[in-house]
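Participant: Please put together the full structure from these sequences, using the hints given.
Each residue of the sequence shown is one higher than the last, beginning at 1 in full-length UniProt numbering.
Treat the hints with care, as some may be off.
[Stated by the list, open to error] Straight-line Cα separation of at most 25 Å, BS3-like style, residue types lysine-lysine; simulated pairs:
no., residue 1, residue 2
1, 124, 487
2, 246, 209
3, 124, 14
4, 14, 487
No wet-lab data here; the hints were simulated from the structure.
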Amino acid sequence: GLFVTDYFTRTPRKLSPFRSFASIELFHFHIPEDTVIAVWNLITFKEQGGTFGDQCPDRSITVYFRSGAPSVINPLHTHFPRDTAVPGSFALTLTWTLPNRTTGVFNVTSPLPGDWFLAAHLPKDEGKISVKGLYEECQYLFQPQLIVQRLVNIAVLYPGYITEQTMAPHNRSCLYKVFVPSYTSRVLVEVLQCRGAEGCPLWLRVRAKAPPLHNSTTMDCREHALCQLTLDLPFWQHWYYVLVEKHPGVPGTISFQVTVQLTDCSRPSLARPPFLPSSASMNMPHSFGSTGGLVLGDSPPPADPNSTKHPVPIPIASPASEQCWPVRPTLRNELDTFSVHFYIFFGPNVSVLPDRPAVFVINLLPVLDSGGVLNLELRLNVSSLCGENVTVFGCLNHEVPLTSSDNMSVTCETESMAGFLLSVNATASLSRLRIPYPQTGSWYLSLRSLCATEHGFEPCSNVTAEVYLRAYLSPCINDCGIYGQCKLLRTNNYLYAACERLSLPTGWNGWGCTDNAEAFSYGFQLLSTLLLCLSNVMFVPPVAIAVRSHYLMEAAVYIFTMFFSTFYHACDQPGIVVFCIMDYDVLQFCDFLGSLMSVWVTVIAMARLQPVVKQASVLYLLGAMLLSMALQMDRHGLWNMLGPSLFALGIMAIAWTARTIRRRHCYPPTWKRWAFYLCPGALIAAAAVLLYAFVETEENYFYIHSIWHLLIAGSVGFLLPPRAKPTRRLGPLPRRKGCGYQLCVNEQEELGLVDPAVASINSICTS
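Facilitator: Here's what the structure looks like:
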């Protein structure tokens with residue numbers, strides 16, 4: 001055949017340590033039909049400060065692959081919420097081969113067509129709370145590339161026709177495909193008239209959606225006189241691929257015939273006819289009960305370009321009796337993103353008859369619905385059982401309903417497909433099923449009622465069970481509970497939802513934040529909240545000192561900080577110990593602004609600027625505006641918070657230097673002020689900054705941050721300068737004639753005395 005190669009790539013993205021599915025990077029690809037091989041080239045490289053990160057440590061990268069929907073992963077081995085079905089996926093771990101770059105390759109032979117999703121993440125980190133911008137962070141970038149090779153012009157088999165084929169000596173196989181419409185209960189593929197070698201040395205392989213593999217449904221024509229494969233309950237509205245492969249080492253040319261027959265379960269006595277009215281279409285499912293059969297054109301199919309002669313129609317044999325039941329549709333009602341309800345006509349109560357199943361279809365739109373959670377709920381009306389021991393079984397299957405006539409069977413699996421089983425009875429009248437990230441397409445729910453006896457389950461007699469059925473699509477499972485939050489995420493044009501635990505750890509983990517294996521007790525949560533809130537009471541002494549020293553502006557700022565820090569931490573707590581007096585974002589902004597303003601006004605007060613500047617409150621207003629702007633830009637950025645603080649320290653340094661130069665000795669001049677106030681206050685503040693920047697982690701946040709509150713408030717009490725004694729106004733001194741100047745000095749302020757009673761020094765004016 002003719003091969004065509006397609007190439008797809010994605011933009012590199014920064015990987016994050018795994019905390020929840022919201023922290024992974026998701027990549028969306030689309031594999032075309034008739035693809036025989038797909039190769040993913042996985043490129044990973046390090047960066048640090050805009051250059052190659054040769055000094056960054058090697059951290060393993062885990063990549064997950066899944067067809068049809070994103071992978072449901074659990075690298076931390078936590079528990080999923082109850083009644084949750086976990087679909088499988090394939091995982092690959094990348095190791096580093098070069099100091100700053102590594103490459104991995106992942107091959108998939110005959111991949112399923114449609115949407116494919118890759119999820120990648122780094123291992124879980126140590127939980128350290130780092131200050132943004134404090135140092136150059138190591139970044140791990142991941143870029144997947146996809147190369148697909150697909151076949152074009154694959155020969156199409158038409159049901160009811162014989163296709164003749166000659167396989168040349170240099171050819172090893174021939175590939176065909178046939179379309180299976182809705183309401184098909186059986187596919188029969190047969191090889192006839194095998195000539196050119198003894199014993200027909202051919203393999204017959206059949207697979208749905210993609211070309212067959214070595215483990216696909218196989219028949220060895222050499223060992224069977226009748227070389228045919230029968231597939232019961234095939235997938236509806238899909239292509240089936242037929243591969244006829246020659247045994248190795250067989251010389252010469254082999255000729256054979258291939259035919260396919262489809263059984264229409266809506267008409268059990270007939271097979272699919274070879275011709276249909278012109279209204280039929282290859283892309284439209286035919287509805288139940290219509291007079292048409294297989295969806296084909298209104299003219300005989302064209303000849304296969306590889307066959308030796310035109311297809312010949314064959315007479316249709318009557319297969320064994322097969323029967324399928326009407327499929328009841330559901331009404332789709334979209335409320336919001338990933339918030340869809342599926343209503344049943346004349347529902348939601350469903351009557352399950354004893355002699356036939358009730359079948360419903362739920363259609364999930366491609367791409368749009370695969371990022372949520374499919375929820376199914378069955379509730380049995382016990383009063384409708386009339387005292388009988390009735391059990392209602394529900395089978396949820398993808399792309400084809402499972403309506404087995406075997407009453408003893410209570411499974412939802414066959415050799416080619418697997419489904420989900422639900423059951424309700426008088427003892428357990430409620431059953432739920434949750435499927436995170438379901439595959440899109442048609443989901444079929446089949447309900448059957450059986451009565452339990454000593455010999456197992458048997459058909460019930462004259463008992464119609466009534467079941468309440470609810471099916472809906474939601475963003476997350478139970479909205480992630482009280483310890484998590486449901487986030488709507490986007491990767492390019494693909495939307496998906498995931499649970500993420502709240503900012504502070506509470507020990508609740510898992511896919512839906514419902515795993516309480518390591519959960520904190522209520523007492524511990526209450527103690528942690530009280531520590532963070534009551535530690536702000538340490539601001540009461542600085543407020544008293546500021547009021548006593550007539551620093552009313554500073555006292556107001558300290559009260560503002562104490563108030564909003566207390567209620568911000570009361571609202572920031574995850575779980576049930578939480579109390580919010582206003583919006584969380586407002587509380588956070590006010591807490592950050594109050595903390596930085598406390599530093600600003602304290603340093604400006606220590607500068608002891610001239611009365612004209614201080615009374616105008618120019619610097620206080622300037623600081624409030626600069627800090628508000630910086631916090632609005634980035635509340636967690638290092639320089640946005642450190643810049644205004646350094647600016648205030650620069651103003652204080654300039655003021656102190658000017659006084660030192662003017663007086664020709666150090667300012668403040670007394671050793672007591674340095675030894676008992678300035679040095680202790682500076683050391684306490686430095687210890688608080690070191691704890692905040694280098695020691696604080698998610699595990700010790702409660703008590704380390706409480707210590708931070710105590711230290712910062714304590715340092716303010718030491719660093720706040722004493723009250724300046726009012727200057728005594730003396731009468732004007734007689735001014736000498738001639739040139740000169742008059743210098744008035746308040747020596748108490750210049751000396752920076754703590755207690756004005758230590759010395760009684762009058763203002764001196766000299767000429």
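Participant: Give a verdict on every hint.
Facilitator: Consistency of the hints with the structure:
1. 124 - 487: holds, 20 Å
2. 246 - 209: Cα-Cα ~22 Å, so holds.
3. 124 - 14: holds, 15 Å
4. 14 - 487: holds, 19 Å
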